[in-house]
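Can you build the whole structure from these sequences, using the hints too?
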Amino acid sequence: MDKIRRPSHAGSWYTDNPKELAEELDGWLRAAGLPKSSDVRGVIAPHAGYSYSGRAAAYAFGNIDPSNITRIFLLGPSHHYYTPKCALSKATVYKTPIVNEELKATGKFELMDLRVDEAEHSMEMHLPYLAKVFQGYAVKIVPILVGALSAENEAVYGRLLAKYADDPTNFFSVSSDFCHWGSRFNYTHYDKKHGAIHKSIEALDKMGMDIIETGDPDAFKHYLLETDNTICGRHPISVFLHMLKNSSTKVKIRFLRYEQSSQCKSTRDSSVSYASAAAKIDA
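Under my numbering, the residue at position 74 of the sequence shown is numbered 74, and the numbers go up by one with no gaps.
What follows is a set of in silico ranges between Cβ atoms, one per label pair, in the way DEER data are often shown:
{"#": "1", "residue 1": "S183", "residue 2": "Q135", "range": "39 to 47 angstroms"}
{"#": "2", "residue 1": "G107", "residue 2": "S183", "range": "39 to 47 angstroms"}
{"#": "3", "residue 1": "P168", "residue 2": "A219", "range": "21 to 29 angstroms"}
{"#": "4", "residue 1": "H222", "residue 2": "H194", "range": "15 to 23 angstroms"}
{"#": "5", "residue 1": "G27", "residue 2": "D228", "range": "30 to 38 angstroms"}
{"#": "6", "residue 1": "D282", "residue 2": "E102", "range": "23 to 31 angstroms"}
{"#": "7", "residue 1": "N17", "residue 2": "T188", "range": "34 to 42 angstroms"}
{"#": "8", "residue 1": "T169", "residue 2": "K265", "range": "46 to 54 angstroms"}
{"#": "9", "residue 1": "S38", "residue 2": "M207", "range": "26 to 34 angstroms"}
{"#": "10", "residue 1": "D282", "residue 2": "T169", "range": "14 to 22 angstroms"}
{"#": "11", "residue 1": "S270", "residue 2": "A219", "range": "24 to 32 angstroms"}
{"#": "12", "residue 1": "S150", "residue 2": "N186", "range": "20 to 28 angstroms"}
Taking lysine-lysine pairs in the DSBU-like style, the calculated list, with each CA pair at most 35 angstroms apart, reads:
{"#": "13", "residue 1": "K199", "residue 2": "K36"}
{"#": "14", "residue 1": "K108", "residue 2": "K252"}
{"#": "15", "residue 1": "K206", "residue 2": "K140"}
{"#": "16", "residue 1": "K280", "residue 2": "K104"}
{"#": "17", "residue 1": "K104", "residue 2": "K36"}
{"#": "18", "residue 1": "K206", "residue 2": "K252"}
{"#": "19", "residue 1": "K245", "residue 2": "K108"}
Hints were generated in silico from the structure; no laboratory data involved.
A virtual CB, placed ideally from N, CA and C, is assigned to each residue, including glycine.
Structure, rendered in structure tokens:
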């Protein structure tokens with residue numbers, strides 16, 4: 001009997017009305033107005049509720065040409081479940097037998113309980129966009145919950161996944177929001193030289209985005225240690241950087257959109273930042 005992973009955040013984080021959802025996604029994708037490219041091999045996109053990050057996410061997903069892709073690796077951070085490893089889904093609705101068995105056989109992955117899977121929003125928030133972009137195409141999904149990995153383990157998982165990056169029928173969807181600022185997030189870093197608080201947050205995020213664009217996982221790790229920036233998908237991004245570094249296909253990450261949920265002007269305010277990028281073959 002199939003184990004089905006329900007869309008547990010539909011009706012709260014995004015509308016559960018299929019017609020409304022399709023119109024919303026179409027509208028954002030049209031507004032982004034990006035050309036589809038078969039050179040786009042992956043994206044980094046936010047995972048907040050669509051009223052906050054839906055528009056920004058279109059700048060990642062709008063780049064995808066679905067015609068040659070048959071498998072999507074979905075890498076998301078774990079918000080509620082602690083693991084020092086990466087975890088694969090038990091849900092058969094996601095099932096991609098060959099790759100799941102290959103990854104399981106490495107002994108490096110644990111299996112996440114369906115309850116853990118459904119409680120996590122980081123990967124689910126990519127699914128409506130992926131379903132919209134890949135409508136009419138037969139694709140399989142490999143969801144990987146990325147735990148609180150050490151720097152060594154980020155490199156291990158990156159090397160392990162690198163061979164899949166060399167296959168042009170594989171695609172990678174990396175889930176991350178950027179700075180979570182405010183006392184409710186226990187993060188109030190403010191460099192006054194940038195002016196208003198929201199400008200300081202933007203400078204901090206853009207420094208991280210610039211480093212991600214260099215493709216250097218060690219420089220990104222150093223940036224995180226130095227700034228403590230609360231990028232919730234830092235581990236999936238690090239795994240992705242190690243993966244691209246170890247693959248023989250030259251892929252370059254470029255950020256295309258940056259937004260904040262609100263503009264912080266005082267220490268009583270709070271915001272979450274959203275950044276969208278495409279990882280494209282670098283000719």
